[in-house]
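Quick mapping for you: the protein sequence lines, in order, are chains A and B.
Those letters in the first sequence? Residues 1 to 116, per this note's numbering, in order.
Those letters in the second sequence? Residues 1 to 114, per this note's numbering, in order.
The reader is advised that the hints may include incorrect statements.
[Said to hold, decoys possible] Think about it this way: if two alpha-carbon atoms lie no more than 30 Å apart in a straight line, the pair counts; the simulated BS3-like pairs of lysine-lysine are: (1) B:K69 x A:K40; (2) B:K42 x A:K19; (3) A:K40 x B:K79; (4) A:K22 x B:K63; (5) B:K106 x A:K40; (6) B:K57 x B:K42; (7) A:K40 x B:K63; (8) B:K42 x B:K79; (9) B:K109 x A:K36; (10) B:K79 x A:K18; (11) A:K18 x B:K42; (12) B:K68 x A:K22; (13) B:K69 x A:K22; (14) B:K59 x B:K79; (15) B:K79 x A:K22; (16) B:K79 x A:K41; (17) A:K19 x B:K63; (18) B:K59 x B:K69; (19) B:K59 x A:K40; (20) A:K41 x B:K68.
[What the hints assert, rightly or not] So the derived list for chain B, only partly shown, Cβ under 10 Å to chain A, looks like this: (21) R31; (22) G32; (23) G43; (24) P44; (25) F48; (26) K69; (27) F72; (28) H74; (29) S83.
These are computed hints drawn from the structure, not numbers from a lab.
Even for Gly, the Cβ is constructed at its ideal location relative to N, Cα and C.
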Amino acid sequence: ETGVTQTPRHLVMGMTNKKSLKCEQHLGHNAMYWYKQSAKKPLELMFVYSLEERVENNSVPSRFSPECPNSSHLFLHLHTLQPEDSALYLCASSQGPAGVTIYEQFFGPGTRLTVL
Amino acid sequence: EDQVTQSPEALRLQEGESSSLNCSYTVSGLRGLFWYRQDPGKGPEFLFTLYSAGEEKEKERLKATLTKKESFLHITAPKPEDSATYLCAVQAAHSGAGSYQLTFGKGTKLSVIP
Numbered sequence: 001e002t003g004v005t006q007t008p009r010h011l012v013m014g015m016t017n018k019k020s021l022k023c024e025q026h027l028g029h030n031a032m033y034w035y036k037q038s039a040k041k042p043l044e045l046m047f048v049y050s051l052e053e054r055v056e057n058n059s060v061p062s063r064f065s066p067e068c069p070n071s072s073h074l075f076l077h078l079h080t081l082q083p084e085d086s087a088l089y090l091c092a093s094s095q096g097p098a099g100v101t102i103y104e105q106f107f108g109p110g111t112r113l114t115v116l
Numbered sequence: 001e002d003q004v005t006q007s008p009e010a011l012r013l014q015e016g017e018s019s020s021l022n023c024s025y026t027v028s029g030l031r032g033l034f035w036y037r038q039d040p041g042k043g044p045e046f047l048f049t050l051y052s053a054g055e056e057k058e059k060e061r062l063k064a065t066l067t068k069k070e071s072f073l074h075i076t077a078p079k080p081e082d083s084a085t086y087l088c089a090v091q092a093a094h095s096g097a098g099s100y101q102l103t104f105g106k107g108t109k110l111s112v113i114p
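Only chain A is shown next, with the shape it has when bound in the complex (with noise of 0.2 Å):
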């Protein structure tokens, strides 16, 4: 594998399921991110974790919970969604920024999920 990738690919639940997204990430970086995208609405970043530590958290709705056990390994566990959370949710890492110097976000494929 190669890159950042994600699974699942494509997630249809309820509004009282439970699940999870995976995001592995074989570049190296010591940062990752959670992004919402939304039809006719620009990126929203969610969650950031640098270093396996969480620093951004969007006002993020407690019915999205992440979890980044390594820094290869990112989660985002759902519980109890709302139509309005179907989006495609994406994952991306990087280097951490490092002073003055900042480093480009690489993007997974992202999961499309549907809620019913």
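For chain A, the structure is supplied; the task is to place chain B on it using the hints.
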């Protein structure tokens, strides 16, 4: 608040018809501007990073330029395989958690007709 506006929302070109996409931004201190390409059902693919006004970068038929207020993605003699949504994002000079934040535009959907 950092803002990124991309125009046009959609662009249809004939194969070989050159054009430019625009990304206007408002940030409190730009650290970098990124261009990505996104194909339907896939994640964004990194194209370029620009750091300062006057900088230019090229890749095949694409050339990205940067001024103090906007960036342009010039597409020369496009081919149908250049059809995609092109996303612009900025990283501002915030500290702490903000130093990881990218602010994206809504994108420009490019269609190149054979």
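Now for the hints, and whether the structure bears them out:
For the hint pairing K69 of chain B with K40 of chain A, the CA-to-CA distance comes to about 23 Å; that is within 30 Å, so the pair holds. Of the supplied pair hints, the one linking K42 of chain B and K19 of chain A holds, its CA atoms being roughly 21 Å apart against a limit of 30 Å. Restraint check: the Cα-Cα separation between K40 of chain A and K79 of chain B comes to about 25 Å, which is no more than 30 Å; the hinted pair holds. In summary, the hint linking K22 of chain A to K63 of chain B is not supported, as the alpha carbons are separated by about 35 Å, beyond the 30 Å threshold.
A hinted pair counts as satisfied when its Cα atoms are at most 30 Å apart, and K106 of chain B with K40 of chain A qualifies at roughly 7 Å. Taking the CA atoms of K57 of chain B and K42 of chain B, the gap is near 24 Å; set against the 30 Å cutoff, the hint holds. This hinted pair checks out: K40 of chain A and K63 of chain B have alpha carbons roughly 26 Å apart, not beyond 30 Å. Pair hint K42 of chain B plus K79 of chain B holds up; C-alpha atoms about 20 Å apart against a cutoff of 30 Å.
Pair hint K109 of chain B plus K36 of chain A holds up; C-alpha atoms about 19 Å apart against a cutoff of 30 Å. Proximity of K79 of chain B to K18 of chain A is assessed by CA-CA distance (about 44 Å); at most 30 Å being required, the pair is judged violated. At most 30 Å may separate the alpha-carbon atoms for a hinted pair to count; K18 of chain A and K42 of chain B meet this at roughly 24 Å. For the proposed pair K68 of chain B and K22 of chain A, the alpha carbon gap of about 39 Å is over 30 Å, so the pair is violated.
Taking the CA atoms of K69 of chain B and K22 of chain A, the gap is about 38 Å. The hint is violated against a cut of 30 Å. Among the hinted pairs, K59 of chain B with K79 of chain B is consistent with the structure: their alpha-carbon atoms are about 14 Å apart, no more than 30 Å. A C-alpha spacing of about 35 Å is found between K79 of chain B and K22 of chain A, which places the hinted pair above 30 Å, so the restraint is violated. For the hint linking K79 of chain B to K41 of chain A, the alpha-carbon distance of about 27 Å falls within 30 Å, and the restraint holds.
With a C-alpha separation of about 42 Å, the suggested pairing of K19 of chain A with K63 of chain B is violated against the 30 Å cut-off. In summary, the hint linking K59 of chain B to K69 of chain B is supported, as the alpha carbons are separated by about 22 Å, within the 30 Å threshold. Distance restraint check for K59 of chain B and K40 of chain A: the Cα-Cα separation of roughly 28 Å lies within the 30 Å cut-off, and the hinted pair is therefore satisfied. For the proposed pair K41 of chain A and K68 of chain B, the alpha carbon gap of about 25 Å is at most 30 Å, so the pair holds.
Because the closest C-beta pair between R31 of chain B and chain A is about 5 Å apart, less than 10 Å, the hint holds. Residue-level restraint check for G32 of chain B holds (minimum Cβ-Cβ distance to chain A is 5 Å; threshold 10 Å). Contact between G43 of chain B and chain A, as hinted, is supported at the beta carbon level, the nearest pair being about 4 Å apart and thus within 10 Å. Taking 10 Å as the C-beta contact cut-off toward chain A, the hint placing P44 of chain B at the interface holds, the least distance being around 5 Å.
For F48 of chain B, the suggested interface contact is upheld, since its CB lies about 9 Å from the closest CB of chain A, less than 10 Å. Interface restraint check: K69 of chain B against chain A, minimum CB-CB distance 19 Å, threshold 10 Å, status violated. Against a cut-off of 10 Å between C-beta atoms, the interface hint on F72 of chain B is violated, since the closest Cβ of chain A lies about 19 Å away. This hint is violated: H74 of chain B has a C-beta 20 Å from the nearest C-beta of chain A, more than the 10 Å allowed.
Look at S83 of chain B: its Cβ only gets to about 18 Å from chain A, farther than 10 Å, so that hint breaks.
Violated hints, listed in ascending order, are 4, 10, 12, 13, 15, 17, 26, 27, 28, 29; each of the other numbered hints is respected by the structure.
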